[in-house]
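**Student:** The listed protein sequences correspond, in order, to chains A and B.
Residue 306 in the working numbering sits at position 306 of the first sequence, and the numbers go up by one each step.
Residue 501 in the working numbering sits at position 10 of the second sequence, and the numbers go up by one each step.
Keep in mind the hints are simulated off the structure, nothing from the lab.
All values reported here derive from a predicted model rather than from experimental measurement.
For every residue, glycine included, the Cβ atom is placed at its ideal position computed from N, Cα and C.
Heads up, a few of these hints could be off.
Claimed, not checked - List time: in silico DMTMM-like cross-link candidates among lysine to aspartate or glutamate, alpha-carbon distance up to 25 Å:
#1 K585/B <-> E575/B
#2 K1265/B <-> E467/A
#3 K1265/B <-> D178/A
#4 K1265/B <-> D158/A
#5 K1398/B <-> D1441/B
#6 K1265/B <-> E406/A
#7 K1265/B <-> D405/A
Claimed, not checked - Sample of chain A residues facing chain B (criterion: CB under 8 Å; computed from the structure):
#8 S40
#9 Y182
#10 V455
To be verified - Some, not all, of what chain A presents toward chain B, calculated at C-beta under 10 Å:
#11 N35
#12 G251
#13 F260
#14 F320
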Amino acid sequence: MKNIYYTIFLLCLLLLGGCDEFLAETPRSTIGGENFFKNSTDAEVSISAIYSSIRSNYGGAYYYGDISTEIANNGETSAPLDNGEYSASDPTFRNLWTTLYRTINYANVAITNITEIDMNTELKTRYIGEARFLRALAYFELVRAFGGVPKITEPTIDESNNSLPRSGTEEIYDLIFDDLQYCEESLPATYSAADVGRATSGAAKTLMAKAYLQKGDFQNTLIKTEEIIASGAYELLPYLKDVFDVTKENGKEHIFSIQFMGGTTEGLGSNFTRNFASRNVEINPNANGEPSWASIAAEDQWYNSIPDHYRKRLTLVAEFPTPYYPEITAVGVALAGPCCMKYWDPLYTTRIGGDEANWTVLRYADVLLMFAEAENEINGPTPEAYDAINSIRKRARDENQNLIDEPEELAELPVLEGLSQDEFRQAVWAERDIELCFEAQHRWDLIRQNRFVEVVNASNIASKVTETNRLFPIPNLEILANPNLEQNPGY
Amino acid sequence: MKKKHYSWISMAKLLWRSKLLKTMRLTLFAILVSVVQIFATNAHAQQTLVSLNLKNTSIRNVLGQIENQTDFYFIYNAKAVDVEKEVSIDAENKSIPEILDRIFEGSNVTYKIDKRQIAISTNLAENAIQQEITISGRVADSSGSPLPGVTIVLKGTTHGTITDGDGNYSISEVPSDATLVFSFVGMTTKEIPVSGETSIDVVLVEDAIGIEEVVAIGYGTMKKSDLTGAVSSIDNNKITQRAITSLDQGLKGQVAGVQIVQPSGAPGQTPIVRIRGINSIQYGNDPLWVVDGFPMSSGISFLNPNDIESMTILKDASATAIYGSRGANGVIIVKTKKGKAGKTQVNYEAYIGAQSVTKTIDLMNAKEWAAAQRTFYERFRGGGLLDRAFPQSEIDQMGEGTDWQDEVFRTALMQSHNISVTGGNEKTTFAVSGNYLNQEGIVINSKYSRGTFGINLEHKASEKFKFGANVNTSYEYNQSISSAAGVNDGGVIYGALIAAPTFPVKNADGSYFSQREYWIETGRMAANINLQNPVQVAYEQESNYNRTHILGNFYGSYNITNDLVVKTSLGADILYSRNNSYVPSYFISQSATNGSAGINTSQRFSWVNENTLTYSKVFNEVHSFTALAGFTAEQAIAERLSASNTDFFTDITTYNNLGNGSEPRIPSSSYSRWSMASFIGRVNYDFKSKYFATVSARYDGSSRFGDNNRFGFFPSAALAWRLSEEEFLKDLSWLSNLKIRLSYGKTGNQDIPLYQNIQSFNRTSSYVFGNSSKTAVAPGALVNPDLKWETTNQYNAGVDIGTWDNKLNLTIDYYYKKTNDLLFPVSVPRQGGYTSVLQNIGSVENQGMELGLNYNLDNGDFTWNVFGNISFNRNKVLALANADRFFGPSFGRNLVQRNGGSATIIKVGEPIGVFWGNIFDGLWQTEEEFQAGHMATNPNVGPGFENYRDINGDGVFVEGEDETIIGNPHPDFEFGITNNMSYKDFDLSFLINGVYGNDIFNANLIELTSQVNGQNGIKEYVNAWNGEGTSNTIAKIDRPSGRSGVFVNRVSTQYMEDGTYVRLQNITLGYTIPVRVFTKLRTYVSADNLLTLTNYSGYNPEVSVMGNTSTAMGIDAGTYPVAKIFRFGVQVNF
């Protein structure tokens, strides 16, 4: 009988010995950490995830860039930034912060791990370049929104990255320029058709120019914009309507766009058509007959202040029908204010999974206007500066799309000439306001031009803004979670 | 000769009984007549006249002739009475005593007439007038199963016998006035006076307190009297009394501390089972089910309730700690029926039932609704949209219109057939059973059906070694209807509530009426244009599942010595389930997708190996030890596959041919596995059955936990003292049992998400390059290597009191549970790229009291058992992850648009899932009152509209700020009363249960009291506010411009209702037909949910649209109502 006890005891020991192995389960339907980043395909899909992450930032970029200013409202409902209310507990700031830092972590994970993969060097450099471009873009969005933010360049694998304090603004800009310099050299100027939509060296230069301009570094802005213009890689599309035609996306003028594709069961489309359309069921019913969402509309005060010319009538519509959009046959007034038609996908009611409209982050018209502005600041209103701004204006008044300046068009939007440096500066600013409206540019322009408080408060905004509001508050929940974070002054 | 005499008696009795049988078939009245006949008296013997003319015949023959002519019969001892003596008699119409006097004239023979029985004896045996007879019969338990081994003794003697394997016995030399004593362990001893009967069948009922009852505990059994923990048991006949489809439903109201909530009345719906409250906030709160020793990880709806012998509910940690990291939510041990040695028993049970909805909700009829709708459009936007309303001339012509509730509800049939065969011999026993259940739902086109097959076999290979196997298999099919709520969600029940009564179900051409088409054609009905006809949804939108389940367990045990038993088992549980759905292309919701079909399949396989060694010995006759040690290993694998497609060119093939769609969705599949290896140990000790101690522990290793916490230790200890065994209390004759119990233990809940401890990369939303979709893969959640089970510490104190031979028993338990290490996604600074990490951080407490009171009466013909129980539980959140509160899950039905669609919050210091919202203070009655109030600045309110309280007292009502706790879904207490009585062959039982003090959020009311412009509303709407003082509940029929934006659908006290109810769950009247052909033949009529007393205005106060989700209980939104069921059933044993 004793033998039996011993046998049982030994059996138990044996079983216990096998326990650790028995209890070590590995997931099979998800990819375990140690099995990933083994080859170029792993690298490729990890890069796609960074694009996919930053895409969610641009779904609502207009809220910060346009609705927070005098040019747009939040449609029929009111929202804090529309009213000039800046609260550290406003969840939208936290969403912005979260999306951008998630993108940064994805980029950091990709950069660190792809470096270790044994693969085609050229492709590897390009992938790392794309990751660094997107990281720079995310930091750029962060730094102009919040000021200096924690600088994180390593993947987060435990909580050590979670308690870093804010770095200085300069430090963040240095990181951005460092990343983008790498991109200028490592990214191709163009891609084959299958890869259209990826970051290019031109996009890196453009983003550099924008970052320099945001900092007020006109010298470097000038250098970068000149390089882009000189490269000949980009040009203005001859007809303004083509810039926003969903069938002509990723054209010569589109330097970097967030890519959306309607009509997929995966839901890869955007919601821009619905968000920018007027809330008027007779005008824009969707497939179910519901009214559009109308999350943004032009403020009447601002709309009425712009001279009435072709560009305005094309991009902002107050009443239907309109000759520019003959496919909309219904009759009615856009309810919350004129609606912006830059993201109009005529087929959106029949598409599943969202509409086709891309979000253009960087476009050549912006480069020309940045050049004009920087050139004027450094060298005064030179002929090159006039050429740049007037090329934009020429296209903007070409209503009949014959590329000829007709007298009535010229009267509507004259060629600029003989301006003082300051008048030229004002002219570029005004040009940017209308050319780039509803493209999430306006707020950042107002801030760098030091006229944010003045211009926004001149509108019928509910709460007046102050210099404090030039920066967003650091989300209070983030400060609560990481006591090393300091709040922006005034909040 | 003598033999003949007795067989005659038997025949007479048989005749009598079969005569009764015939009368039974006719009327109850006839039975009474028969009963009266039985009570014929002595006087009868004088009046009964006999005519005899016999020569030189034996006395025996004379007696036989008398028996032939009358209903009298004779009892005598042939040794004492010389019945062979020849006599002659010629009698015409003489009484029996006259004849007897003549034939026994001159002898010392005397006789005694007792009713129809005439005992003949000699004076020589004067002191034993009574004849010594042989008695035979059969002993069975209350379910009709034979009881082998029952001891039968003559009272006051040692003369006796025991029943054989078939429960039959025969005992000779019994004086006819003797009394037989039938006794059996665990059964109430029964004394039966012989009264000359020679055939006595006895039914033994379980002992009042069942104090000697043996109950299943984890990995063993125990005498109930020796229990140290809080353990309740319930046997089959109490479970199957109601029309239940799943055996957990049978626990309802029957066990103190066990809460059973039927979240909806849909057929096949399994209830929510909670033992002593809710421990976990985020993860599992279901108890662990252990079926024939197999710990289930896939539910028990597949089991046939008739196959269940008993269920034992382990409540305190002393009882559950042996299940370690799975014991925190309590354990329910299920034993299926086993075969017994002896005659093969066949048992057939069947019932057929009719079900109907218990109540309907009063809604406006066509005329009322159309008038209200017209009022709305007259007022709305200055009447500018009045052409959307029905013209007054049409309204005047309207009547009741369509009663949509009537259209979707029906009287539904339900039937169940169950057959089981049990038997065996000394070596091998078996039980096989089959069951078919078919339940139509009370909502059209819904149903549930199930077929099961079970087999239990056990073979004793030798005195020491036995082995056996249990197999249960089932196939379930469930066809459900959409129960979504919200205008556009296409729910059948909600749809029936809101569909406009002015419209028909079908058009003249037979097609379904569509409000949307009507709107398009006529321009009337602005809202609800997406409402699909609910009758059409019920019939044409398909949703069903089927499940195949096999549970098999093989075991063997070997008695190494008399004291030491080794047992090993290996079992497997296999579940295959498949969900199918199809929404036809012509449905409104499919205008972009053009038909969508989906199939989800899942397969689960788990195996368990258990090895235990049990040692039990009594030392010096006073120290009793039982020790258990064991090792178990188990593994569970789950695989899932889903595929769906859209854009179908035909609606004919539905989900059966996914290839007929042309816009496929990305298919998905998954694989997961978890493993456990554990050591278990337990020691039970008692001293003189007076002092008891139990220590148990389990050491669990689980792959679900993090690398740094792979093993958990779960100990428990308990003490009990049976005071009634002490000398100072033994003299109290009325006190039969008094025991106090104390226990403490630690248990866990490992029902946490898998693989959270492993770094992973997951596919994320794709990105578009070159106008085509490209795969994207991103890092998964931040890993926590310290992840572990949720831990519950539980203290229990209990007392058991039995009085008057355990006729009246009371059990009281108090418990305190504190659950720590609750798993939460803890917010982390998002700068690292993650939003949260799972951590063991939260804490919840439950404390409560349970009372069970049982009364038993057994007066031979009349038995009465009443059991009442009441449970109080108080739940409180003690700590949450870096927040003092968060919202419960959205019930996502468009009905609540604030707070992310949630109606509940989880807040430190409050019970889990209290309701959170605004306080409704009636309607503003006058302009002056409104202007002076706290909502004056709100342009969307005014006289006739809702006044929501300014809770924070800042003088103005602000959305999102003036919200507070407005209700509690947890009842103050709940109770159950079961009552079983029988008188002779009749039995009557009923079950009442109720809850008190819980609140229900009746989300149906939100739109039924506010959206009259496009959908129907409750009847009270006709009394909507129409000037000062006209109503304080139903707002003015109007909507100030923009009101849709501000007065969103909300959680508010105006939709909170008291959920208190008392329900007659079941009442059953049965009659056991005494027919010898069958061992038992019982018929019954039964009603379920016959009566519910409640103030709740919805269909059913016992409701939970979010089902098992503990953080959003007590919400009603389009929930499937419960049915009232009338049944007729029959039980036959032979």
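**Student:** Now, for every hint given, state plainly whether the structure supports it.
**Tutor:** Hints versus structure:
Among the hinted pairs, K585/B with E575/B is consistent with the structure: their alpha-carbon atoms are about 23 Å apart, no more than 25 Å. Under the criterion of a C-alpha separation no larger than 25 Å, the hint pairing K1265/B with E467/A is inconsistent with the structure, at around 43 Å. Pair hint K1265/B plus D178/A does not hold up; C-alpha atoms about 28 Å apart against a cutoff of 25 Å. A threshold of 25 Å between alpha carbons decides the hint, and for K1265/B with D158/A the separation of about 29 Å lies outside it, so the pair is violated.
Between K1398/B and D1441/B, the direct Cα distance comes to roughly 21 Å. Compliance with the 25 Å bound is thereby established for this hinted pair. Straight-line distance between C-alpha atoms of K1265/B and E406/A comes to about 46 Å, which puts the hinted pair past the 25 Å bound. Proposed proximity of K1265/B and D405/A is contradicted: the alpha carbons are some 44 Å apart, above 25 Å. The criterion of a C-beta within 8 Å of any C-beta in chain B is not met by S40/A, whose closest approach is roughly 13 Å, and the hint is violated.
The criterion of a C-beta within 8 Å of any C-beta in chain B is not met by Y182/A, whose closest approach is roughly 21 Å, and the hint is violated. Annotation: V455/A was flagged as interfacial toward chain B, and the flag is violated, the nearest CB pair being 28 Å apart, outside 8 Å. Look at N35/A: its Cβ gets to within about 8 Å of chain B, closer than 10 Å, so that hint holds up. For G251/A, the shortest C-beta to C-beta distance to chain B is roughly 13 Å, which exceeds 10 Å, and the interface hint is violated.
Checking F260/A against chain B: minimum C-beta separation of about 7 Å stays under 10 Å; hint holds. Checking F320/A against chain B by beta carbon gives a least distance of about 20 Å; that is not within 10 Å, so the hint is violated.
When each numbered hint is compared with the structure, violations occur for hints 2, 3, 4, 6, 7, 8, 9, 10, 12 and 14.
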